[in-house]
Amino acid sequence: MAELAMQTAKAKPARKPQVTWSALWLVVPGVLFLVAFLLYPSFQLLLVSLKDPRTGAWTLTAFSKVFAGGVYTRTLSSTFIVALQTTLWCIFAGYPLAYWLARLSPRRQRMAALFVLLPFWTSALVKNFAWLVFLGRNGVINDLLGAMGFTPAELLFQRATVVFAMVHTMLPLAVMVMLPTMNQIERQLAQAADTLGASAAQQFWRVYLPLSMPGVAAAGLLVFISALGFFITPTLLGGARDTMLSQLIIVQINQLQNWQMGAAIAVMLVLAALVTCFIYDRTFGLSTLSGGSSDRLQHNGLMRRAGLGIGCAMGNLCDALARGYSRLSGARNAGWMLAAYAWLIIAVLIVPILAFIPMAFTGSDFLSFPPPSLSFKWFGQYLQSPLWVGSTLRSFGIGVATASITLLLATLAAFGLARSRSRLGGLAFLLFMTPMIVPPIVISVSLFYLFAQMSLVATNLGIIIGHTVIALPMAFVVLLATFKHYDWRLDQAAATLGAAPWRVFIKVTLPLIKGGMFAGLVTAFLQSFEELTVAMFIGGGVKTTLPKQMWDDILLQVTPTLAAASVVVVVIVCALFFLMEYFRPAEHQVSAS
Amino acid sequence: MSTLTHLAATSPDQGRAHNPNAQGAPIKLRVEGLGKRYGNIDALHALDLDVRSGELLTLLGASGSGKTTLLQIISGLVAPSSGRIVIDGRDQTHAPAHQRDIGVVFQNYALFPHLTVSQNVGFALDMRGVSRAESRRRINEALAMVGLEAMHQRFPRELSGGQQQRVALARCFIYKPSLILMDEPLSALDRKLRETMQMEIKRLHRETGSTIIFVTHDQDEALALSDRICMMHNGRIEQIDTPQAMYERPSTVAVARFIGISNVLEGTVMQGDQLATADATVALPKGHGCQPGTPGALVIRPEHLNVVAADHGALRGTVVEAVYAGVETRIVVRLASGNLIVVRRLSGQAPLGIGSVVGLEWPAHPPHFLSV
Ligand SMILES: Nc1ncnc2c1ncn2[C@@H]1O[C@H](COP(=O)(O)OP(=O)(O)O)[C@@H](O)[C@H]1O
Ligand SMILES: [Mg+2]
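As given, the protein sequences belong to chains R and H, one line each in that order. Residues in the first sequence are numbered consecutively from 1, following the numbering used here. Residues in the second sequence are numbered consecutively from 1, following the numbering used here.
Since the hints were derived computationally from the structure, they do not count as laboratory data. For glycine and all other residues, C-beta sits at the position ideal for the given N, C-alpha and C. Please note that a few of the clues may not be correct.
Which residues of chain R face chain H? A few of them, derived with a C-beta cut under 10 Å, are [stated by the list, open to error]:
no., residue
1, 51
2, 186
3, 193
4, 197
5, 200
6, 202
7, 207
8, 304
9, 306
10, 384
Hey, can you work out the whole structure from these sequences and the hints?
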């Protein structure tokens with residue numbers, strides 16, 4: 001393929017040198033898919049929000065209602081506030097953890113990062129369900145409080161609880177986005193600052209922090225955008241005043257059948273996300289999202305100077321504080337505090353997930369932690385219920401189908417982009433990242449509208465298409481990184497050594513990229529396996545997936561069967577996750593250029 | 001090599017015009033019994049080293065000989081396992097790097113990518129609380145010194161390798177640290193640029209009168225730059241001497257082999273100032289002071305050897321290679337024992353065919369004797 005590209009580039013009279021069109025053709029299937037199932041339905045949704053359902057005339061009534069005060073405006077502002085709080089907490093709580101990880105040796109970092117990746121891959125549903133059980137009136141936290149002599153408090157249905165659980169859900173994302181940027185910061189820069197007279201505090205504030213800012217900003221962007229579209233946490237743990245926009249969409253469309261209003265709120269959500277992206281692009285440049293350096297920031301004089309100024313001031317301040325502290329306590333090394341903090345956060349991330357295992361084996365009729373007695377009866381219930389077994393099998397099948405289609409589209413597109421230098425490539429990249437920006441609930445609602453016209457509602461195919469749209473960006477990013485790291489001169493070397501193109505692929509290319517391909521496959525499967533929103537709308541109440549079945553049960557009645565189902569989810573996620581880690585290419589293979 | 005001829009004309013100390021009495025200059029750095037263990041490898045074995053004020057000392061040695069480790073311990077970035085570091089008479093063994101008043105030029109420059117050239121160069125002044133106006137003046141001065149005034153607003157990655165190197169030098173020289181450490185600062189540059197930068201460093205050293213420890217694994221660089229060379233091997237100091245002394249009178253076989261191409265004949269000392277080697281018995285210079293029966297080695301420089309007819313000369317061998325190098329041709333002769341001897345000949349002379357049998361002699365220059 002690459003040779004073909006090079007030949008055509010040579011054969012054409014070079015109008016624009018270096019443009020290899022042929023490789024870029026490979027992105028076409030994915031682009032068509034996203035135009036059909038993301039852009040077109042979103043556009044339709046926009047039209048719906050602007051049309052009076054009875055007369056068909058253009059109108060802005062739905063949008064004016066959103067801003068007219070009352071419940072919509074309140075929800076809009078509380079959505080923003082909760083998302084903002086979540087983002088800030090994720091960054092402040094996650095930064096030290098990422099910093100601690102970045103300073104471990106590569107081998108230990110890989111081990112420690114497992115403890116962050118595992119909660120990252122565990123579904124939001126399971127994590128929030130755990131807090132619902134823990135924080136309830138008879139939950140373990142209240143028991144602890146009681147044992148310490150406090151009166152049991154109402155921990156659920158509080159704004160703080162919503163923010164806490166959302167931070168808990170998205171902290172792993174923030175850490176995993178910040179970590180690569182921190183890993184790229186050369187240790188020698190801090191040493192250089194040291195020899196130039198900078199104390200430890202100065203080194204951090206003047207050198208390390210500014211260099212890690214692109215990662216912080218990327219984490220902030222992704223967390224904020226995900227938080228905007230959240231509905232699981234506020235539904236399960238929030239009170240009436242903590243309602244968020246996504247919940248309103250569900251009510252408008254699934255209960256009131258008010259498409260115009262639902263579509264208008266969805267449009268608001270997308271607009272908010274787009275504005276956020278726009279601001280991010282103006283300050284940092286979107287290319288930093290895929291690990292590029294922040295040109296934009298460096299040439300954006302005002303932002304840069306403000307940042308450096310703050311770093312300067314904080315450096316001096318902390319320097320003075322650190323000197324005072326070490327004079328007071330005589331302590332020189334506070335490294336253990338960072339490690340202790342990191343392990344504490346990791347414990348908070350992991351414990352709720354692992355707590356399901358004992359709860360699922362309870363002998364009592366109620367979910368509680370710790371379980372009063374042990375038995376297998378709830379697993380029996382799970383295995384005997386055609387509802388649970390059916391939905392589990394369906395989720396599996398849909399996951400496999402989604403993963404296959406996603407891998408195919410993403411591989412073609414990533415290969416095409418990695419091998420072409422066309423400017424159109426940038427546009428294609430943006431399009432493939434768009435499903436990350438559009439909240440899943442908007443994707444689901446717009447596909448619901450589209451599929452209603454195509455009789456794809458309540459079909460497995462409909463759900464598979466929806467899941468593929470949602471799974472594409474991450475699989476694409478994984479594969480793009482794989483192909484970009486891949487040293488194509490190896491192919492040329494193999495060819496000069498006498499290997500035919502197909503043998504080059506089998507003997508050289510494939511062994512080196514298979515780790516990335518497998519990671520893409522598992523990523524897509526896991527995202528599909530844990531996706532709730534698509535099935536909520538497109539399943540039509542008939543095609544129930546495992547997350548949908550869990551969601552219905554949580555809302556209806558909380559039984560230990562749910563814990564058994566959660567254990568099934570966690571076990572499958574863990575198994576795939578460890579498989580993926582096992583197949584991950586070793587560092588020396590990736591960076592041997 | 002021009003340094004060599006220059007030095008050869010005068011005594012080593014007079015050769016350093018900028019620093020006429022380095023011998024009498026106060027000691028800037030004293031390293032006492034310095035050792036470093038990594039796990040069960042000894043990276044450094046109890047080193048002792050004095051560096052005088054205003055001196056340019058190079059640490060020369062093969063990769064893995066402990067040069068970086070020594071430099072990092074002096075700079076305070078790595079703690080020693082044993083021994084002391086004294087700078088300007090003060091024990092600094094346990095002082096953190098930022099309190100030592102040393103400057104380091106790193107191999108890959110370690111310029112801060114988020115700061116402009118000016119901000120990089122002014123970083124140390126910032127840390128020392130120098131006023132803004134004073135700072136600006138000194139930055140301009142430092143940039144002028146390395147010829148980069150026009151680049152002050154650029155970011156490091158907008159500069160070429162040589163320019164980045166100059167920024168790194170300016171960043172180091174600007175605050176006049178009492179001791180400057182450079183770890184293979186030129187190894188990433190191509191040959192031409194490397195020679196230019198060597199001149200630049202010599203000039204900066206002369207103009208500022210600073211004390212510099214310069215690490216390199218390139219013997220030509222060490223010979224060209226140094227007031228003294230400290231030759232390291234497997235975590236030990238093999239020899240500390242002026243470039244000329246080290247070139248002409250290496251103290252060990254390892255030094256002889258490392259500094260330039262040297263031919264080494266090993267054998268046993270015999271009665272009557274003779275050395276019995278595997279190939280022939282050759283005469284030793286008078287006054288070598290070795291008892292008969294002890295092992296010894298002769299070091300013969302390639303430029304001191306003459307090719308003569310096969311039955312003349314002290315050694316006899318077969319020509320196996322001839323490498324043309326412009327003004328001279330290097331002939332490789334294999335002796336009967338398999339030992340390879342390199343001879344430098346001016347290129348104008350009659351060519352020698354590969355396979356021809358020749359004799360070798362060293363008429364004018366007595367070889368250097370080493371007791372092993
Ligand atoms: N951080 C370290 N951990 C373990 N061994 C090290 C470390 N740094 C250096 N060494 C070992 O110490 C020896 C000297 O290394 P170094 O000082 O880097 O040599 P040089 O700079 O002369 O090439 C080498 O054998 C090297 O493997
Ligand atoms: Mg080194």
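We went through each hint and held it up to the structure:
Interface hint at residue 51 of chain R: violated, since its Cβ lies 50 Å from the closest Cβ of chain H, which is beyond the 10 Å cut-off. Interface hint at residue 186 of chain R: satisfied, since its Cβ lies 7 Å from the closest Cβ of chain H, which is below the 10 Å cut-off. Here the hint on residue 193 of chain R is kept, as its CB sits about 7 Å from the closest CB of chain H, short of 10 Å. Given the 10 Å rule on beta carbons, the hint for residue 197 of chain R holds: about 4 Å separates it from the nearest Cβ of chain H.
Here the hint on residue 200 of chain R is kept, as its CB sits about 8 Å from the closest CB of chain H, short of 10 Å. Of the supplied interface hints, the one on residue 202 of chain R holds, with its beta-carbon coming within about 6 Å of a beta-carbon of chain H, less than 10 Å. Given the 10 Å rule on beta carbons, the hint for residue 207 of chain R holds: about 6 Å separates it from the nearest Cβ of chain H. Residue-level restraint check for residue 304 of chain R holds (minimum Cβ-Cβ distance to chain H is 8 Å; threshold 10 Å).
The criterion of a C-beta within 10 Å of any C-beta in chain H is not met by residue 306 of chain R, whose closest approach is roughly 13 Å, and the hint is violated. Using the Cβ-Cβ criterion of 10 Å, the hint placing residue 384 of chain R at the interface with chain H is not satisfied: the shortest such distance is roughly 59 Å.
The structure is inconsistent with the numbered hints 1, 9 and 10, although it conforms to all the rest.
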